[in-house]
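J.: Using this note's numbering, read the first sequence as starting at 1 and increasing by one per residue.
Any given hint might turn out to be false.
Computed list of lysine to any residue pairs in SDA-like fashion (alpha-carbon distance at most 25 Å, straight line) [what the hints assert, rightly or not]: (1) 316 - 355; (2) 83 - 433; (3) 270 - 173.
Hint data in this document are derived by calculation from the structure and do not stem from the laboratory.
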Amino acid sequence: MAPVTRRTSFPKVVIERDSDSEQSSSDEEQEEDETLEEEQEQEEENGVIENAKIEKLEVGFDANRKGKTPITLTLRKVCKVCKKPGHEAGFKGATYIDCPMKPCFLCKIPGHTTLNCPHRVTTEHGVVPAPRRKTSKPLEYVFERQLRHAIPTIKPKYMIPDQVNCAVIRYHSRRVTTLEFHPTKNNILLSGDKKGQLGVWDFEKVHEKVVYGNIHSCIVNNMRFNPTNDCMVYSASSDGTVSCTDLETGISSSPMNLNPDGWQGPNTRKMLYGMDINYEKGLVLVADSFGFLHLVDMRSNHRNGDAVLIHKKGSKVTGIHCNPIQPDILLTCGNDHYARIWDMRRLEAGSSLCSLEHNRVVNSAYFSPISGNKILTTSQDNRLRIWDSIFGNMESPSREIVHSHDFNRHLTPFKAEWDPKDPSESLAVVGRYISENFNGTALHPIDFIDTSTGQLVAEVMDPNITTISPVNKLHPRDDILATGSSRSLFIWKPKERSEPVEEKDERKIVVCGKAEKKRGRKKVDNSDESDDDGFISKLKKPKLKQTEWKLSRCSKKDNR
DNA sequence: AACCTATGAGACC
DNA sequence: TGGTCTCCCTAGGT
1 MAPVTRRTSF PKVVIERDSD SEQSSSDEEQ EEDETLEEEQ EQEEENGVIE NAKIEKLEVG
61 FDANRKGKTP ITLTLRKVCK VCKKPGHEAG FKGATYIDCP MKPCFLCKIP GHTTLNCPHR
121 VTTEHGVVPA PRRKTSKPLE YVFERQLRHA IPTIKPKYMI PDQVNCAVIR YHSRRVTTLE
181 FHPTKNNILL SGDKKGQLGV WDFEKVHEKV VYGNIHSCIV NNMRFNPTND CMVYSASSDG
241 TVSCTDLETG ISSSPMNLNP DGWQGPNTRK MLYGMDINYE KGLVLVADSF GFLHLVDMRS
301 NHRNGDAVLI HKKGSKVTGI HCNPIQPDIL LTCGNDHYAR IWDMRRLEAG SSLCSLEHNR
361 VVNSAYFSPI SGNKILTTSQ DNRLRIWDSI FGNMESPSRE IVHSHDFNRH LTPFKAEWDP
421 KDPSESLAVV GRYISENFNG TALHPIDFID TSTGQLVAEV MDPNITTISP VNKLHPRDDI
481 LATGSSRSLF IWKPKERSEP VEEKDERKIV VCGKAEKKRG RKKVDNSDES DDDGFISKLK
541 KPKLKQTEWK LSRCSKKDNR
């Protein structure tokens, strides 16, 4: 095909300019034109631009109107990210092509794109080794002498729940924002959504599910069971209330309401995010979007004491975690880019024991589940951070792991969570933002990461889950992963242990909601299984063969 | 198929 | 410090 020059083939737009600025405008235009010409020549040499890419558009203005001289602009396809011509960012099929003018979307360092990011291709998935430091602090000495032996150094073989066992499709009416397993009933999963609804699902019986719709008026951010009565669950919501709900009846009370006058505009409205329970003191700890910590006494179900400023005034506190061994020790994190450790026994503004600095907002911070001695944080700078010992040097994290979990206002924030069953306190699970081209489908895996090495132990995905899965919870006792992805819930089990469900290789799926028909999923006769708002169907077998499922494990020799 | 939008954080002034 | 503008892999709806 004959070469096409920009001047003849690019669309032209003629706009009016005031005559006094005409000269300079034309000069600028000329400069711009020449730059474009050079770029275009470069592109043609590289074969980047083809004729098909060039949009034909002629827009004419009346040049003689009001006696103003028209100038001519040319339009061409530009990158939607940087607005510059010569390349285009976006999906090419199922592969996303980054804008080369922007820093890497994964590690945020300029000079390369996600496709060739060194953190993407290494098996360690972007771990930054722990810096060598002096370990001369007395507390670290105590740790080494008295506590280190209690932590096993031999890691078990990880049982990765990597196969969808059952699911409720479009169970909630808005996206799932939080998940919690029942503390004693192994097959009960609680879920909260953006609309304020609370779901209770028995995933062994699959179709036994209920959604309570009148507990909160918007996002449920956190849920915790009452440790003395596992029928009652506390929930913190962006509506500014803490609710205490009876799971049997769905009847709830509000021990705390920070917006007693209702909606007074977005600037005054207080929202509740982080929440945890200090079981020794019988207190619910909950933090708001203005930097304050509030307490609710579980016995009286009333507020207890005054709010304490624990993060920058006016900034959101995104998470609270009580240490599993010493519940008076608190870990909080927030939009002020800090995670902080506190002692509840002397809690006042500015009295934190320790401040852990991050580059961006900290979505979550958790003590390790067994010893409570490690800390894992998820920050919006696309890094997971691990502190190996709260008794050691806390000035900088022991490791930083580059991992794609970007902030997106339309997604629930990603939170990396420990595996509560891993005695070595290494394994963590976190959803991934960027997709992989997986046999022509863009899938967003759920990553299992060995936080002691930064190694990606497994990336699990299912061809039927095409949406991002920011909410993940590992079962406290069983090898089960619960995933909240958009409006749906999924239960994963290890392939080795997946129990055959009626027919081999078929998974139990409950489908709710009208949108399912649109997707062409086959409606089946469910007269004896279905409830009012849904129907049950069997998902088709995976479109991909199992051998093609992407699952990598760290080899045994890598485990000390 | 092509819009529309709910909505959060950061940059900038 | 506060208002305003911008924004790269959403998901579901019209």
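J.: Checked against the structure, which of the hints given earlier come out wrong?
T.: none
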